[in-house]
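Protein sequence lines correspond, in order, to chains X and S. Numbered according to full-length UniProt numbering, the first sequence spans residues 1 to 542. Numbered according to full-length UniProt numbering, the second sequence spans residues 1 to 182.
Rather than coming from a laboratory, the hints here were simulated on the basis of the structure. Given the structure is predicted, the values throughout are model-derived calculations rather than measurements. It is possible that some hints are incorrect.
As the list claims (entries may be wrong) - Below, computed lysine to aspartate or glutamate pairings styled on EDC-like, alpha-carbon distance capped at 16 Å:
| id | chain 1 | residue 1 | chain 2 | residue 2 |
| --- | --- | --- | --- | --- |
| 1 | S | Lys131 | X | Asp377 |
| 2 | S | Lys131 | X | Glu93 |
| 3 | S | Lys111 | X | Asp374 |
| 4 | S | Lys82 | X | Asp407 |
| 5 | S | Lys98 | S | Asp143 |
| 6 | X | Lys411 | S | Asp143 |
| 7 | S | Lys4 | X | Glu14 |
| 8 | X | Lys409 | S | Asp79 |
| 9 | S | Lys111 | X | Glu394 |
| 10 | S | Lys111 | X | Glu203 |
| 11 | S | Lys5 | X | Asp393 |
| 12 | S | Lys111 | X | Asp393 |
| 13 | X | Lys177 | X | Asp536 |
| 14 | S | Lys131 | X | Glu253 |
| 15 | X | Lys467 | X | Asp337 |
| 16 | X | Lys267 | X | Glu306 |
| 17 | S | Lys4 | X | Asp61 |
| 18 | S | Lys161 | X | Asp280 |
| 19 | X | Lys409 | S | Asp143 |
| 20 | S | Lys115 | X | Asp393 |
| 21 | X | Lys3 | S | Asp79 |
| 22 | S | Lys7 | X | Glu101 |
| 23 | S | Lys111 | X | Glu14 |
| 24 | X | Lys450 | X | Glu391 |
| 25 | S | Lys115 | X | Glu391 |
| 26 | X | Lys188 | X | Glu524 |
| 27 | X | Lys411 | S | Asp79 |
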Amino acid sequence: MEKIKCECGHVNPEGTVLCEACGKPIERNQHIDGNEKNKLLNMRYEGSARRSQTKNRNIVDKIWIFFSSVKVGVWLIVLTLIASIIGTLLPQEMYIPQNVEPAQHYRDQYGLFGQIYYQMGFHNLYSSWWYILLIASIGVSLVICSIDRFVPLYRALKRQKPKRHSNFIRRQRLFGKTEAVKSEDINKAVSRLKKKRYKISEENGHILGEKGRFSRWGPYVNHIGLIIVLIAALLRSMSTFYIEDYVWVREGETKVIPQTDGQYYIKNNDFLMDVYDEKDERYAEAIEKTGEMIPSNYETKAEIYEVKGETIAGQDPELTKINEGEIRVNEPLKIDDISLYQASYQLNEFQKMSFKLHRSDDEDETPLGEFTFDMSDPKKEYDLGNGYRVEVDEYYPEFFMDDGVPDTKSKYPKKPAFIFFVYGPDMEDYEVNFLTIGANLNPHNNNQYKISVTGVDMRDVTGLTVKRDHTIPLFIVGAIIFMLGVIQGMYWYHRRIWIHPKEEGVWIAAHTNKNWFGLKKDLEYSLEGTEIKIPDDQQELK
Amino acid sequence: MSDKKQKRFIFRSIVLAILLGAVVFALVSNIMNDEEVVAVGEQAPPFELEQVNGNGVLNLSENLEGKGVMVNFWATYCDPCKEEMPFMQSLYPEYKEKGVEIVAVSLDATKLRIKNWIDNNHLTFPIVHDKSGAVMDTYGVFDLPASFFINPDGTVERQVKGPLTLDRLEGYLDEIVPESEK
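I would like the entire structure built from these sequences, with the hints used as guidance.
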């Protein structure tokens, strides 16, 4: 590695564009920041050596240099963006119907494009290894770019001297020459800069006024915040830090809590949905406007059980109650660090239906016998006494007609239907009754007997989110640091004013990382009432 | 100067090693999440369920030790499940002789529906009732039908998601016939 010794005596690392101490452009490196074609110097990173070049590059250096390029970083971001966009063109695998073969589904639904989409792995884009690799590479690029720029910038700002090379001064954006200046005028300007809270340093009559250097660290603080957020996101793949699952529990049902290795069970004793009282004058008007009930509370009264002893799947475990309470929106019930949140509900699933048997021609429908069908424990046959009995030929929990054949969509009694065979003492054979909600469809309308519904018991279903999340504090810390970095970089400006005495008169140059208008105002203020000319904006002159 | 170079090499190596570790961690944990709960070659998880067309309970490891076992997850509200049931029934007597048992795990809510289905279709292989869905959970099954072909030594030979054809079923059953019967 070759070092570059500047005429001011400072030794710079290879790749330096502007001497760290005096700012003199190092001739052979001017192409790096494109200075050779321009009158003004590019002040990016103070012209410090990024990506220091090494002659004997080993694999570590090669990888480092690859990721330290901002160009590479930008390309990674662009590629990730493009991939993300493509991932939204067709539905992801989790959103296609579950009972179809994905390869076939994409080909049939979307043709050749769908087939290519599937084969390229876009159907599972966001968890595909190469997408994760892209995101991870952005993280790597972020870390290495930051280190590779922060260190040289810090060095350059720490080592800067008040005495700058004339070439550096002349090629600043704000630059002015004044012939014949009285030393009082310079003193006056310096004291005015001090009033503006510039830090003044001096070397052989060369003066540097500087303020707000702190602002330059903003982007790096910001990146630290981003890296913490990335780490937090990474930890979410570990179940000790993060789990999220869902469980539906019917009233009266005891169910295993997912993600707990079958160690915990939950029982739903009652689900409540309260609504705002329409007679309450505070709400009456709003309720009337909406035209429907407005829920005020969703609540599950739940009990949590722990499994005692060893059981294998399918065996009824011995359960001990460990917790009990109400789960409301934003008020979870906890088992250790797992929280159960109220997330959804289904009202009015059928639990029990009561029926009576009567003669079809009896207008009073005087019952000849009664029975109750329990959806969770139905019987094949119900004996009604006096020689009457009802056989359950078919029971459809969620009834629908499938090409003219009755069938069920699921196992949940949301819309039950029954085919009953009625046997009586005066019947040789049986009579068929087809019952569904609100209808008794008899195949022959000459039935002597009829079954009618006398009552229903409904139950509600509660939907609970099972969640463990230890990554939230980390996300918050990352986000706060991110924001601090943004504020630091946005609301402070790094301003420098160089007073450069020449044999005749004085040169003034100034530089800021943003808000040139503010810097000009500072110059106008501090040079007011002196004979020193206010520097011109060389960029505007161009 | 070479000391400095070495320091830089060490620093860069450490940073890159940490970053590489994080990337590998991200990839591995992603792959682990996708992995099947019951992997081929592993021991099939034990279970014990009430038998609907028989007496008492059926325990996978106790009652069917030394046999090849096909465990089929199904339900009466699942059309493709019902379509493959006749295939299983048609092959069952032959393979039972060879030491292969078929166990159909129903996820229905009520025995009534299972019994009706068994009676209407004259099924003779054991059908058990996983009322709580605990066994389905243990086997990592989310969609019906799903079948596991388990070797006589208790390891999983094959896992099939989705419906089977008669030909495929026969081939898979052949794979789990005990050595002594081949």
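Here is what the structure says about each hint:
1. The straight-line distance between the Cα atoms of Lys131 (chain S) and Asp377 (chain X) is roughly 11 Å, inside the 16 Å bound, and the hint therefore holds.
2. Of the supplied pair hints, the one linking Lys131 (chain S) and Glu93 (chain X) is violated, its CA atoms being roughly 29 Å apart against a limit of 16 Å.
3. A hinted pair counts as satisfied when its Cα atoms are at most 16 Å apart, and Lys111 (chain S) with Asp374 (chain X) qualifies at roughly 12 Å.
4. The hinted pair formed by Lys82 (chain S) and Asp407 (chain X) meets the criterion: a straight-line CA distance of about 12 Å does not exceed 16 Å.
5. Between Lys98 (chain S) and Asp143 (chain S), the direct Cα distance comes to roughly 30 Å. Violation of the 16 Å bound is thereby established for this hinted pair.
6. For the proposed pair Lys411 (chain X) and Asp143 (chain S), the alpha carbon gap of about 14 Å is at most 16 Å, so the pair holds.
7. Distance hint between Lys4 (chain S) and Glu14 (chain X) is fulfilled; the C-alpha atoms sit about 14 Å from each other, no more than 16 Å.
8. Taken as a hint, the Lys409 (chain X) and Asp79 (chain S) pair is honoured in the structure, with Cα atoms around 10 Å apart against an allowance of 16 Å.
9. For the proposed pair Lys111 (chain S) and Glu394 (chain X), the alpha carbon gap of about 12 Å is at most 16 Å, so the pair holds.
10. Distance restraint check for Lys111 (chain S) and Glu203 (chain X): the Cα-Cα separation of roughly 95 Å exceeds the 16 Å cut-off, and the hinted pair is therefore not satisfied.
11. Between Lys5 (chain S) and Asp393 (chain X) the CA atoms are separated by roughly 86 Å; this puts the pair beyond 16 Å, and the hint is violated.
12. For the proposed pair Lys111 (chain S) and Asp393 (chain X), the alpha carbon gap of about 13 Å is at most 16 Å, so the pair holds.
13. Pair hint Lys177 (chain X) plus Asp536 (chain X) holds up; C-alpha atoms about 9 Å apart against a cutoff of 16 Å.
14. As the CA atoms of Lys131 (chain S) and Glu253 (chain X) are separated by approximately 11 Å, the hinted pair is consistent with the 16 Å bound.
15. At most 16 Å may separate the alpha-carbon atoms for a hinted pair to count; Lys467 (chain X) and Asp337 (chain X) meet this at roughly 8 Å.
16. For a cut-off of 16 Å, the pair hint linking Lys267 (chain X) to Glu306 (chain X) stands: about 11 Å separates their Cα positions.
17. A hinted pair counts as satisfied when its Cα atoms are at most 16 Å apart, and Lys4 (chain S) with Asp61 (chain X) qualifies at roughly 14 Å.
18. Proximity of Lys161 (chain S) to Asp280 (chain X) is assessed by CA-CA distance (about 56 Å); at most 16 Å being required, the pair is judged violated.
19. Distance hint between Lys409 (chain X) and Asp143 (chain S) is fulfilled; the C-alpha atoms sit about 14 Å from each other, no more than 16 Å.
20. Distance restraint check for Lys115 (chain S) and Asp393 (chain X): the Cα-Cα separation of roughly 11 Å lies within the 16 Å cut-off, and the hinted pair is therefore satisfied.
21. At most 16 Å may separate the alpha-carbon atoms for a hinted pair to count; Lys3 (chain X) and Asp79 (chain S) exceed this at roughly 77 Å.
22. With a C-alpha separation of about 55 Å, the suggested pairing of Lys7 (chain S) with Glu101 (chain X) is violated against the 16 Å cut-off.
23. Pair hint Lys111 (chain S) plus Glu14 (chain X) does not hold up; C-alpha atoms about 81 Å apart against a cutoff of 16 Å.
24. For the proposed pair Lys450 (chain X) and Glu391 (chain X), the alpha carbon gap of about 14 Å is at most 16 Å, so the pair holds.
25. Proposed proximity of Lys115 (chain S) and Glu391 (chain X) is supported: the alpha carbons are some 13 Å apart, at most 16 Å.
26. The hinted pair formed by Lys188 (chain X) and Glu524 (chain X) meets the criterion: a straight-line CA distance of about 13 Å does not exceed 16 Å.
27. As the CA atoms of Lys411 (chain X) and Asp79 (chain S) are separated by approximately 13 Å, the hinted pair is consistent with the 16 Å bound.
In the structure shown, a violation is registered for the earlier hints numbered 2, 5, 10, 11, 18, 21, 22 and 23, in ascending order.
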